[in-house]
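S.K.: Residues per chain are reported as follows:
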Amino acid sequence: MELVHLRVRDFRNLASVDIAPGPRFNVISGHNGQGKTNLVEAVYVLGSVKTFRTQKNRELIRWDADRAVLEGLAHRGDDERLARIEVCGDRKEVYLGDLSVQRLADFFGTLNVVVFTPDDLSLVKGSPSERRRFLDRAIFNLRATYAGDAVGYDKILKQRNAMLKGERVDAVLLDVYDEQLALSGGRVASARHRFVEQFSARFAAAFGEIFGGLSATVTYESPWWDRSALPETPESAPRAGRILDRDDALVSSAQDALRAALARRRQEDMRRGQTSTGPHRDDLRVELESRSARTFASQGQQRALVLAMKIAEVEFFESERGFRPILLLDDVSSELDRARNRFLFDYLRAHDGQVFITTTHRDHILLEEDVVAYEVEAGNVRQVE
Amino acid sequence: MARDPIAELVNQLAKLPGIGEKTATRLAFHILGAPASYARDLAAAIIQVKERIVLCSRCCNLTEADPCIYCGSTRRDRSKICVVERPTDLRAVEATGEFRGLYHVLHGVLSPLEGIGPDDIKLRELITRLQDRDDGDPVDEVIVATNPSTDGETTALYVSRLLGPLGITVSRIASGIPMGGDLEYTDKATLGRALAHRRTI
Ligand SMILES: Nc1ncnc2c1ncn2[C@@H]1O[C@H](COP(=O)(O)OP(=O)(O)OP(=O)(O)O)[C@@H](O)[C@H]1O
Ligand SMILES: [Mg+2]
Ligand SMILES: [Zn+2]
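Heads up: the protein sequence lines correspond to chains A and B, in order.
Counting with our numbering, you get residues 1 to 385 for the letters of the first sequence.
Counting with our numbering, you get residues 386 to 586 for the letters of the second sequence.
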């Protein structure tokens, strides 16, 4: 997948940008605070509608303006699609070509992007919720119906907690919520389990390439679900593109486990006024040399781990969907030592796909060929030689 | 007291669902510009609807006569009850022409987040109605047609658990209605198909 044209109006400090990005490396240089991250964010919003930064719509619109416009022409094979998002007040209007999009589900997939930003360090260091969000977004990109299960689970969880906190707990209604939680939560957890199972090998390989020699693993931690008795998925069984197909035995194993866990914890949940177990408490455990990366990995190692997760996400996406998403790397080289940095660019050169890279130091970017270079200054973007 | 009457009217109109300050102002000036008889008729209609419309003592539908036209009719299939969230949903189901049984209007769905528990919607009325089947209607099937939202689904399952012990078949209208959709705004064909393909829960 490739962004062949990008038009930006009044998005953050970018008053007016019109560029035709190259099919491979787009290197965006500039001093601090000039608008490099804003440009990458613009591409991200075009793909995901949401931003990876603030949650407030208003902040996306340039201070003196009342409407931001993003427009991108995306190519995928022979397919060409024009995505447009207008941010106005608290709302976003989404268009495909000239048609206004009513259901976002119809829009997602127009521009597939994977982003790495310095904030992503929280993926290793931060709370489990950050890692769950990573999992959920990655799975959603592969299978859009996953969102229905995840959102449904969340809604029921909120209702159940509200009842547990309230004065009167209706036992029959609690039964109903438990059953609904077990059904949707089982689907969520089994999709995450299957994803991580397939993702971990790619992650380990990517990390190995960057950090030659050290081993890293990811596992899905779900304390309420005993998976020791599950049959291993044979290496060869799931065909590419079908890995996330629903596996009924796996789903019902998770559903049964969650049903039982909720029943077991009912008294405690009632006392505490909240749901103490389930997919909403699960975690993605990241280990470096068999030790918790959250506790033991150094700053640079954490950065490399996060990078490896993003790269693995891109590769997994490609094997499942048959094309590569656009990779957005914001300020990726800082904190990597020379060797790590070289490994990263060796990797990028060796794999296809469109990449956007921002930097304050052009000489950190070890790319010579297939490069389109941009300079950003005070919100103005211009192509340079 | 003696508030500016225009401001007062705008204020009252703006309390209506879907009406903001701007629209309320436009409506207020429209009423002001219309003949005095229109204002009188409108006011009278508003008062009448409050004075003359009551809840049907059997199905909780809004009605002028109690029992309502459905409960009072001799031509309906009295062995089936279709449970809906709101009177507008009842109208939507009726408009499909697929259903000739009786109704029950819950006036809401279960939502602890909004402080709505089983006692806050017309569930007890439904149970009571089904418990004295010897004196009342010989109901053998309850079709739950709450919206296909999360809370609508919860409410449907709740009804099914309550009615299970009474030996009544409880079925759920099939979806086909978009998730998060609203029964009131669903086209007749879709809603009709959903009714025809209802399933047991
Ligand atoms: N809504 C907005 N309107 C105008 N300017 C904005 C808006 N939101 C953010 N900015 C400004 O955009 C500027 C550039 O931000 P950006 O994060 O893109 O910088 P950068 O080039 O990535 O810098 P760094 O190298 O430090 O990461 C900031 O100075 C910020 O104040
Ligand atoms: Mg930046
Ligand atoms: Zn009635």
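I should point out that these hints are in silico values taken from the structure, not numbers from a laboratory.
Do not take every clue at face value.
[What the hints assert, rightly or not] Straight-line alpha carbon distances no greater than 30 Å define the calculated DSSO-like cross-link-like pairs of lysine-lysine that follow:
no., chain 1, residue 1, chain 2, residue 2
1, A, K92, B, K507
2, A, K56, A, K125
3, A, K165, A, K92
4, B, K507, A, K155
5, B, K435, A, K158
6, A, K50, A, K155
7, A, K158, B, K407
8, A, K56, B, K400
9, A, K92, A, K155
Computed from a prediction, not measured in an experiment: that's the story for all the values here.
S.K.: If a hint holds in the structure, say so; if it does not, say that too.
M.R.: Checked hints:
Restraint check for K92 of chain A and K507 of chain B: the C-alpha separation of about 39 Å exceeds 30 Å, so the hint is violated. Among the hinted pairs, K56 of chain A with K125 of chain A is consistent with the structure: their alpha-carbon atoms are about 24 Å apart, no more than 30 Å. With a C-alpha separation of about 35 Å, the suggested pair K165 of chain A and K92 of chain A falls outside the 30 Å cut-off, and the hint is violated. Among the hinted pairs, K507 of chain B with K155 of chain A is consistent with the structure: their alpha-carbon atoms are about 23 Å apart, no more than 30 Å.
Proximity of K435 of chain B to K158 of chain A is assessed by CA-CA distance (about 36 Å); at most 30 Å being required, the pair is judged violated. A C-alpha spacing of about 20 Å is found between K50 of chain A and K155 of chain A, which places the hinted pair at or below 30 Å, so the restraint holds. Annotation: proposed proximity of K158 of chain A to K407 of chain B is violated, straight-line Cα distance about 34 Å (limit 30 Å). A threshold of 30 Å between alpha carbons decides the hint, and for K56 of chain A with K400 of chain B the separation of about 28 Å falls inside it, so the pair holds.
Restraint check: the Cα-Cα separation between K92 of chain A and K155 of chain A comes to about 23 Å, which is no more than 30 Å; the hinted pair holds.
Violation of the numbered hints given earlier is confined to hints 1, 3, 5, 7; the remaining hints are satisfied by the structure.
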